[in-house]
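Novice: Just need the whole structure built from these sequences, with the hints factored in.
Number of protein chains: 2
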Amino acid sequence: MHADKVFKALGDPTRRKLLDLLCERNGQTLGELCEGLDMARQSATQHLGILEAANLVSTVRRGRAKLHFVNPVPLHEVYERWVRKFEHQRLSLLHDLKKELEGE
Amino acid sequence: MHADKVFKALGDPTRRKLLDLLCERNGQTLGELCEGLDMARQSATQHLGILEAANLVSTVRRGRAKLHFVNPVPLHEVYERWVRKFEHQRLSLLHDLKKELEGE
DNA sequence: ACGTTATGCAGGTAAATACCTGCATGTCAA
DNA sequence: TTGACATGCAGGTATTTACCTGCATAACGT
Chain Z
18 MHADKVFKAL GDPTRRKLLD LLCERNGQTL GELCEGLDMA RQSATQHLGI LEAANLVSTV
78 RRGRAKLHFV NPVPLHEVYE RWVRKFEHQR LSLLHDLKKE LEGE
Chain S
18 MHADKVFKAL GDPTRRKLLD LLCERNGQTL GELCEGLDMA RQSATQHLGI LEAANLVSTV
78 RRGRAKLHFV NPVPLHEVYE RWVRKFEHQR LSLLHDLKKE LEGE
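Chains as they are written, first to last, in the numbering used here: chain Z, 18 to 121; chain S, 18 to 121.
Think of the hints as simulated: they come from the structure by calculation, not from any bench. Take the hints with a grain of salt, since some may be wrong.
Same chains, same label: a pair holds when it works inside one copy or across any pair of copies.
As the list claims (entries may be wrong) - Cut-off 27 Å, straight-line C-alpha distance, at most; resulting in silico cross-link-like pairs (DSSO-like, lysine-lysine): (1) LYS83 x LYS102; (2) LYS22 x LYS83; (3) LYS102 x LYS25.
Specialist: Below, the structure written as structure tokens:
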């Protein structure tokens, strides 16, 4: 997994909105996605390209249209690597901080 | 939760390394964290500031030193909002794609 | 074939980002 | 108090990013 691409892709509100749009209805075309975005088509293309490079979106050509599908796998990998790892700290964090504030 | 700050904070390899370093040993000082980084102290300060602004790191002053602690809460919120939401698609994605490739 | 529609590609600009150097402030220990 | 140590703050630069305009290509329907 390329954490860099995934997190950078998610670090933009337009791209997160694109994912939400695709979650509502999978397989939309570029034109359809643009309707919900309030920016030029070319900008949306760029955002979708970044999502695709991060493997968060997969595409299928269908005639002159390009259909976009969410790929949830990288999100799950993010969870495995960056959420679960820190889960066990949710209690020990408080412990560490408390000890520190009490003077070691 | 401020998804923007959290994802942007995570979208840099230096900052992810800082989180890993703190995961190994919580409560390290700026100087200690710098030893594992290969960049000027001021740059690390900037990265830690971004992590703190995203609420991924909390700090406690202790005399002239500043101790850093991981805060796993935003990571868990990311999971709730951006991973679980797309979990149910892990099967339906294949379904959608298959239908599409078969010609609707 | 022709016009319409959907997307691709080239490039240009303003803002944000990641790094740095240099100097200031605050704390500890002798 | 003084020197050493830990961090804070100001600013400067090169790269990346997010947006745009303009033109090119490809597919559909009549």
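Novice: Does each hint fit the structure? Answer for all of them.
Specialist: A quick look at each hint next to the structure:
no., hint, verdict
1, LYS83 x LYS102, "between (37 Å within a copy, 24 Å between copies)"
2, LYS22 x LYS83, "within (22 Å within a copy, 31 Å between copies)"
3, LYS102 x LYS25, "both (20 Å within a copy, 19 Å between copies)"
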